[in-house]
Every structure is written in structure tokens, then in C-alpha cells.
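Chemist: For chain P, the structure is supplied; the task is to place chain B on it using the hints.
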Amino acid sequence: MSEVVYSIRDLVVEYQTRAGSMRAVDGVSLDIRRGEILGLVGESGCGKSTLGKAMMRMLSRNARIAKGELIFDGRDLVKASDEEMRQIRGGRIGMVFQDPMTSLNPTQRIIDHITETIQTHRPDATDEEARERAAFLVERLGIRKDRLDDYPHQLSGGMRQRVMIALALALDCDLVIADEPTTSLDVIVEAKFLDLLKELRDEFNLTIMMITHNIGVVAEVADRVAVMYAGEMVEVGDVYSVFEKPSHPYTEGLLKSVPNIAIDDEELYQMAGGPPNLMHPPTGCRFNPRCPYAMDICSREVPPRFEAHGDGGFAACWLRDPVRKEARDA
Amino acid sequence: MPEVNERPLVQAIGLTKHFPVRGGLLSSLLRREEQVARAVDGVSFDIRRGSVFGLVGESGSGKSTTARLVLRLIEPTAGQVIFDGVDMGTLKPAAMRSLRSRMQIVFQDPMASLNPRMTIGAAIEHPARIHMPDLTPKQRRERVIEMLEAVQLSPGRQYYDKYPHQISGGQRQRVVIARALVTNPDLIVADEPVAMADVSVRALLLELMMKLKEQFDLTYLFITHDLATAKYVCDDIAIMYLGKIVEQGPLRSVFREPSHPYTRALLDAVPVPDPKHRRNRPMPAGEIPSALNPPSGCRFHPRCPIAATEVCPLVDPELRPVEGRPEHLAACHLRTGAYQHLDPER
Chain P
1 MSEVVYSIRD LVVEYQTRAG SMRAVDGVSL DIRRGEILGL VGESGCGKST LGKAMMRMLS
61 RNARIAKGEL IFDGRDLVKA SDEEMRQIRG GRIGMVFQDP MTSLNPTQRI IDHITETIQT
121 HRPDATDEEA RERAAFLVER LGIRKDRLDD YPHQLSGGMR QRVMIALALA LDCDLVIADE
181 PTTSLDVIVE AKFLDLLKEL RDEFNLTIMM ITHNIGVVAE VADRVAVMYA GEMVEVGDVY
241 SVFEKPSHPY TEGLLKSVPN IAIDDEELYQ MAGGPPNLMH PPTGCRFNPR CPYAMDICSR
301 EVPPRFEAHG DGGFAACWLR DPVRKEARDA
Chain B
1 MPEVNERPLV QAIGLTKHFP VRGGLLSSLL RREEQVARAV DGVSFDIRRG SVFGLVGESG
61 SGKSTTARLV LRLIEPTAGQ VIFDGVDMGT LKPAAMRSLR SRMQIVFQDP MASLNPRMTI
121 GAAIEHPARI HMPDLTPKQR RERVIEMLEA VQLSPGRQYY DKYPHQISGG QRQRVVIARA
181 LVTNPDLIVA DEPVAMADVS VRALLLELMM KLKEQFDLTY LFITHDLATA KYVCDDIAIM
241 YLGKIVEQGP LRSVFREPSH PYTRALLDAV PVPDPKHRRN RPMPAGEIPS ALNPPSGCRF
301 HPRCPIAATE VCPLVDPELR PVEGRPEHLA ACHLRTGAYQ HLDPER
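So the protein lines, in turn, are chains P and B.
Residues 1 to 330 (our numbering) are what the first sequence spells out, left to right.
Residues 1 to 346 (our numbering) are what the second sequence spells out, left to right.
Just chain P, same shape as in the assembly (with noise of 0.2 Å):
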């Protein structure tokens, strides 16, 4: 198995609220391999932002990671301290949000933001060494060299992403965190990064982890796909395995439900009821009331992970239970 960059081990994530504490995150565990793309999807509220902000230490003030480690580069970064995620953030793990502009200053150029990324964690480097350095890398991705002296207004939405890349890049950071990085790009400018996205893995053996809500995104880029659903990990695999044969019933629905334009149906699969209320979550597992195939035991123990998809896959679905698939057949 490749070597682990990042290892999220039983992570719990609350928000303090008005209404009483609420577990966003709850007990996840996930590990990113180098080298490849892990596609994190669920949707609105399932806990995958929180996650990704978690696993950068940049929480809003009203969370906090109550329980878990974060494995990274040896230590684990929940006992880090403020400087020394500084140095982490922008220097070995890089950051692309949804909508570039609040990651760019826009009183500085584009190339200034580059070369002060590179100097500011590699001081040694020569403001010659920084310059080139940045032209090598917009040029890799696409942007013509004269748009280095531009102001981020005056790119496109597509090109401030590519930018974003580019800062993950000049530092050769060990894991980027992209969170929807495509979802106020065109699906044309959105089909070109994406192309790009596998071609920089290949090229710089880049470590991504893409949180989307967009399954046919994770269709196009991922090597492996980790569904949440109500702040929980409930399917994990590799992605021609699990869209081939989602082994939980909430990914099947979920795939189910996708528009897809490549096939000949004439109507979308409707998935019953709507995600729970986390301050109130149901026992048992959390998808039992909207399950198609929901037993007795669903809706009282939480189910553990059961082995799928091979190469540490999993779901956590009591249907996937080696006992109970021979009771069921027998």
C-alpha cells in the first residue's frame, strides 16, 4: 500500500450553538495516500467542509475538535501550535476554496503573491530563483507569463484557480485541500481544470483532496471516493469499485439521483425523506429512516465498517455484515 500523507484517526468536530452543542464531524477516520486524488462528497451539511477545515486546523470560533488525532508528517497536528500550523498552512499543505477571490489580495499582483509564498517559507530563495520559479509554474498551468504583473480582478475565475494551484505547487506542498474548487467555474473552463488537476498528480506526483457536491466531478478526477453523510464516513473505495457497486445504500441513492447526461433516462431517482437534524441524530445508523433496505438492527446499533471495494475500502452498513450476508442467503 502507498505511503499515508495525511491520517484523520476518529475525529470529532462540535459546534457550539444557541440550541446546545452539535457533532458536525463524528468519529470520522480516513487516511490520503500520496499521489492521489481522494474525491470527498456528500451534501450541504453532511460535515465535509468542517472536515477539510478541521484537517487545516481552521475552525470557526464556535467549533472545536473535541475528540481525534490528525496525523501528519509524524506528529499530530490537533496538539500543534498556532506557529507552527502557520508554517504548515501554504507551506506543506496547500488550499483551493470555491471562490479564489477571498484567497488573493487584491492590491497585489499576481506574481508578488507567488514569489512571497516562496520566500516567505523558503527564505534562502533569491528574488531571481522566486521569479522564476512562478513563471515556470503559470506557464505549466496554462497562463501566459505577461499576466504574472496582473492584479487578481483581471483574470478569469479559471485562471485565479489555476493561480491557487500554482501557490500549492511552488512549494511542492505534500497535500493539496481543494473544497468545491469548481463550483463557480463553466463547465467547459471546469472540464480544462479538472484535465489539469490529473496531469500535475501525474507530472509532480501531487497529493488532492477534492471536497465536492458534484459526483460527476469525483467521476472525472478521483482515484478513490469517500462519501459522508450526516458528519459520518459511511462508504470509502476505490471509484471504479464504488460507482460500479456503492455498498451503501445512501451512495447508491446518491448516485442514483446525479443527472447524467451520457445515458438515456428519461427521469431522476428520488431519494425518500431528507438528511436528519444533527442535534438530534436517529440511533443506529443515521440513514436507517430514509433506507430502502433498513433491517431491525439498523435502527438500534451503529453500524461498524465492514471490509469493501478491496485496498482498505469500507461501508458502514450493517447489510455489508459477513454473518448477516449468510444468514440472508442461507
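It cannot be assumed that every hint is accurate.
Which residues of chain B face chain P? A few of them, derived with a C-beta cut under 7 Å, are [said to hold, decoys possible]:
| hint | residue |
| --- | --- |
| 1 | Glu149 |
| 2 | Ala150 |
| 3 | Leu227 |
| 4 | Thr229 |
Footprint (simulated), chain P over chain B, 3 or more residues, beta carbon under 8 Å [claimed, not checked]:
| hint | segment |
| --- | --- |
| 5 | 258-267 |
| 6 | 274-283 |
| 7 | 329-343 |
Derived from the structure by calculation, the hints contain no laboratory data.
As the structure is a computational prediction, the values presented were derived from the model and not from experiment.
Ideal Cβ placement from N, Cα and C applies to all residues, glycine included.
Modeler: Here is chain B on its own, set in the frame of chain P:
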């Protein structure tokens, strides 16, 4: 009278909207010519009664401006909209107001469309107060409850006094749809109505909209950037690029056999939820140019994989029928014009 019913509900003829762009102080001092953004530039289409007409394009293509022109929320620079046989440009304000009750709009973000301090019931009732003055307060309330139940917020009484923040995003969009329906309109313009909804909610909303269409004899103008969603709802479709329609026709014909290179690229670019799926063709170069200074000739020619130097940069192509399919039109010299012999794929 069947011939009357065959008349399209909406006819857009040569619709054009140029927005003046004010330069800075320097350009006015220098008396520079005022620039215009050609947001919509000569767009024509018919919307058949009882159909769903999809207007699809990327940001800046002019699709939302076209929708606002159809509703006459903005005045066209040129062109006409004929609504049910009436030229809206000739109507006096009072006549226009009464026509407004027959056309409604649903926007993308229901939270932005609803007043947070107004109950759901009051929000839905508001258009009825304006357009249905003959109803008594009791009748109005009943009408609102009937609409709430039509959009499956039932029992309607329980939702009447709730505020927008007390219900889910999907339910809010249903409230917006109920408000659009209360005046008994013929036309609903839906501008990205499901773009903010999660996949599982999206399917429910789309099915509801299709059910309401049958129930209330509605016609939809459906604006979207999402071709995959359009596939499930539209009967006819028009693809816009930089203020012009580049291809239009019955959905199946356009999707199965796209003729214009831009339509093909758009269809190819849509992410497909199947990891085994591979794109057929490379994506067009560059990005959409500015509407302030659109390319000469065919506006797509600088990005087009098949553009021919003899004609594409010089002459703006007209929408013409695709061979053997009279209802399917494309504006491409090499596909439907006199220069088909130049098409490298032929």
C-alpha cells in the same frame, strides 16, 4: 379554436439588449466613444404553449438578460416580445400590469427572493393582493393554502405562519414556486431554479415543477447552465454564446446530434457520473471573450476547432436548419451554411 392554441405563447423576435458601459472620468474628458456591452444581440425563438423551453449557456452568454427581456423587466434596445399574440412593446402601463399576472419568475436563491420578516403565507398572498383585488381576505387565505398544498407543503395551514428561516432550502424554493402560481399565470420563467439544491432535493423539485405544469397548464422558460438538468425537463432548447443563439431545436435532436462546435464542446464538458466515461474531443481553447468587444464574424471562431479562415472571422453566420431536420437550427457556416464543403469533419 385549435388554430389559436397552436400560436406560440411567447415569440421573441430579434431581441437585443445593449448595456452602456460608462468609462471613467478620463474617457469622458477625452470624449471617447461610449462602449456598449452586447448582452443580447438579435435573439429569436418561439415558446410553444405547454412546453418547457430551455435557454442554456455559460455565465455572460446573455441567458438571464433574455429572460428579463421576455418578462419586460428591462426594455429591449431592439426587437419584440409577442405574448399570446400581444406585442408587449405597444402596451400602455395599465395593460402591461394586468398582463404581468400571467407571467412569473422563480430565481435561483429562494432566501434572496423571500423577505425574512414576512411569513410564508403573507409572501404568497402578496401578488394576489395586487393582481386579484376582487378576492375577500378569506378567499385569499384559502387560495394561499391551496397553493401551499399544490407545492406539497401540506397541510398548508401549518406552513402559513412560518418564516423562511424555519423551513429547509428545498421547501423555501417550493414557497417561491407557490407564490409564482398564485395569480394563475400562463408562463413561469425559472432562472436556475434548482442550481442551489442538493442532488436529492433537486430531483424532487424538478418532478414537482413538471407535475405543476400539467396541473396548472403552465409553460416554462427554463434558464440553466446545467445541460444534464435540462435533459430531464426541456422539450426544446436554445444554446446561447456571447449574446446569440448558436443552436436551437427539439432537445433530443440537439443533444443526440449537436451540430454547432460550441454545443458539442458544452455537451462534452459536462462531468459524467461514471469514472469509465472519457471525453471524445479536446476542449475549445481560451475562455469566453468580453461582450464589450466580441470577435468579428462568428463569435466562436477564435476558439473553434473547425473554423475556416475564408469565412468564419468575416461573416456572422445565420441560424439555418440542419440538413433533414427542419426544426433544428444551427448558426455555423460549415454545418448549415454555404460553406459546408470546408468542414474538416465532412
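Chemist: Evaluate each hint against the coordinates.
Modeler: Results for each hint:
Here the hint on Glu149(B) is broken, as its CB sits about 19 Å from the closest CB of chain P, past 7 Å. Using the Cβ-Cβ criterion of 7 Å, the hint placing Ala150(B) at the interface with chain P is not satisfied: the shortest such distance is roughly 18 Å. Hint status for Leu227(B) relative to chain P: holds, with the closest Cβ pair at about 6 Å, below 7 Å. Taken as an interface hint, Thr229(B) checks out: its beta carbon lies about 5 Å from the nearest beta carbon of chain P, inside 7 Å.
Restraint check on the segment 258-267 of chain B versus chain P: 3 residues with Cβ-Cβ distances below 8 Å, three needed, restraint holds. Remark: the segment 274-283 of chain B is confirmed as covered by chain P, as 6 of its residues place a Cβ nearer than 8 Å to a Cβ of that chain, reaching the required three. Against chain P, the segment 329-343 of chain B contributes 0 residues with a C-beta closer than 8 Å to a partner C-beta. That does not satisfy the three-residue criterion, and the hint is violated.
Consistency note: the structure conflicts with the earlier hints numbered 1, 2, 7.
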